[in-house]
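Note that the protein sequences, when read in sequence, are chains P and H.
Note that my numbering has the first sequence beginning at 1, numbered continuously upward.
Note that my numbering has the second sequence beginning at 1, numbered continuously upward.
Keep in mind that the hints are not guaranteed to be accurate.
Since copy identity is lost for identical chains, a pair holds within one copy or between any two.
Said to hold, decoys possible - With a straight-line cut-off of 20 Å between C-alpha atoms, the simulated SDA-like cross-links for lysine to any residue are: (1) Lys-43 - Arg-78; (2) Lys-43 - Asp-56; (3) Lys-2 - Gln-63; (4) Lys-2 - Arg-13; (5) Lys-2 - Gly-38; (6) Lys-2 - Phe-33; (7) Lys-2 - Ala-84; (8) Lys-2 - Ala-55; (9) Lys-2 - Arg-82; (10) Lys-43 - Val-60; (11) Lys-43 - Cys-65; (12) Lys-2 - Arg-29; (13) Lys-2 - Pro-19; (14) Lys-2 - Ala-20; (15) Lys-2 - Glu-25; (16) Lys-2 - Asn-71; (17) Lys-2 - Leu-68; (18) Lys-43 - Asp-5; (19) Lys-2 - Ser-34; (20) Lys-43 - Glu-54; (21) Lys-43 - Val-85; (22) Lys-2 - Glu-66; (23) Lys-2 - Gly-32; (24) Lys-2 - Ile-16; (25) Lys-2 - Asp-18; (26) Lys-2 - Ile-74; (27) Lys-2 - Gly-35.
If you're looking for bench data, these hints aren't it; they were derived computationally from the structure.
There are 2 protein chains.
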Amino acid sequence: MKRWDVLVEVSPRSEIADPAGTTVERALRALGFSGVTGVRIGKAIRLEVAAADEADARTVTEQMCERLLANPVIEDARIELRAAVAPESSW
Amino acid sequence: MKRWDVLVEVSPRSEIADPAGTTVERALRALGFSGVTGVRIGKAIRLEVAAADEADARTVTEQMCERLLANPVIEDARIELRAAVAPESSW
């Protein structure tokens, strides 16, 4: 079993209102960042998982998204995987 | 001015406690995902920014992190940039 570094990005679906994102966008504009648009705020979940290969690691992560990490009615989940170079590594 | 798709990942610094991550890790184990370790939960902030080139887009995004998006005492910010292929694009 190899270790895999995983990033799960859980973001509000595009058709769902994101009041936190709207508020942050307004605040950035008020601070003078006039070129900013489309602010959306989601969760960035980092974890390590033990799996035989990358496909297996992805399958396990998808199951974790379905069971706990994301609510598919209002959220999209995007998964990034990378072989862990050392215990507790990050990238 | 080109448009740039930006992802800012704001995560709790490694020496800072992350009770939400600890709780999610315990819940994943309880659901049978025994190979999971090191769960940390941060924010995934997506936005578009107008800038002349990639270096300029990165500079503006770093300023937004310093001014509003991240608290450097307890959080790390990681920036990913990509040229926007179309208005409101995502990747």
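Comparing the hints with the structure gives:
no., hint, verdict
1, Lys-43 - Arg-78, "both (11 Å within a copy, 14 Å between copies)"
2, Lys-43 - Asp-56, "neither (23 Å within a copy, 26 Å between copies)"
3, Lys-2 - Gln-63, "within (18 Å within a copy, 38 Å between copies)"
4, Lys-2 - Arg-13, "neither (32 Å within a copy, 25 Å between copies)"
5, Lys-2 - Gly-38, "between (38 Å within a copy, 15 Å between copies)"
6, Lys-2 - Phe-33, "between (44 Å within a copy, 15 Å between copies)"
7, Lys-2 - Ala-84, "within (8 Å within a copy, 35 Å between copies)"
8, Lys-2 - Ala-55, "within (12 Å within a copy, 36 Å between copies)"
9, Lys-2 - Arg-82, "within (11 Å within a copy, 31 Å between copies)"
10, Lys-43 - Val-60, "within (19 Å within a copy, 22 Å between copies)"
11, Lys-43 - Cys-65, "both (12 Å within a copy, 16 Å between copies)"
12, Lys-2 - Arg-29, "between (45 Å within a copy, 18 Å between copies)"
13, Lys-2 - Pro-19, "neither (40 Å within a copy, 27 Å between copies)"
14, Lys-2 - Ala-20, "neither (38 Å within a copy, 26 Å between copies)"
15, Lys-2 - Glu-25, "between (41 Å within a copy, 19 Å between copies)"
16, Lys-2 - Asn-71, "neither (28 Å within a copy, 34 Å between copies)"
17, Lys-2 - Leu-68, "neither (23 Å within a copy, 38 Å between copies)"
18, Lys-43 - Asp-5, "both (16 Å within a copy, 17 Å between copies)"
19, Lys-2 - Ser-34, "between (46 Å within a copy, 14 Å between copies)"
20, Lys-43 - Glu-54, "neither (23 Å within a copy, 25 Å between copies)"
21, Lys-43 - Val-85, "neither (24 Å within a copy, 24 Å between copies)"
22, Lys-2 - Glu-66, "neither (23 Å within a copy, 37 Å between copies)"
23, Lys-2 - Gly-32, "between (47 Å within a copy, 18 Å between copies)"
24, Lys-2 - Ile-16, "neither (37 Å within a copy, 27 Å between copies)"
25, Lys-2 - Asp-18, "neither (37 Å within a copy, 25 Å between copies)"
26, Lys-2 - Ile-74, "neither (33 Å within a copy, 31 Å between copies)"
27, Lys-2 - Gly-35, "between (43 Å within a copy, 10 Å between copies)"
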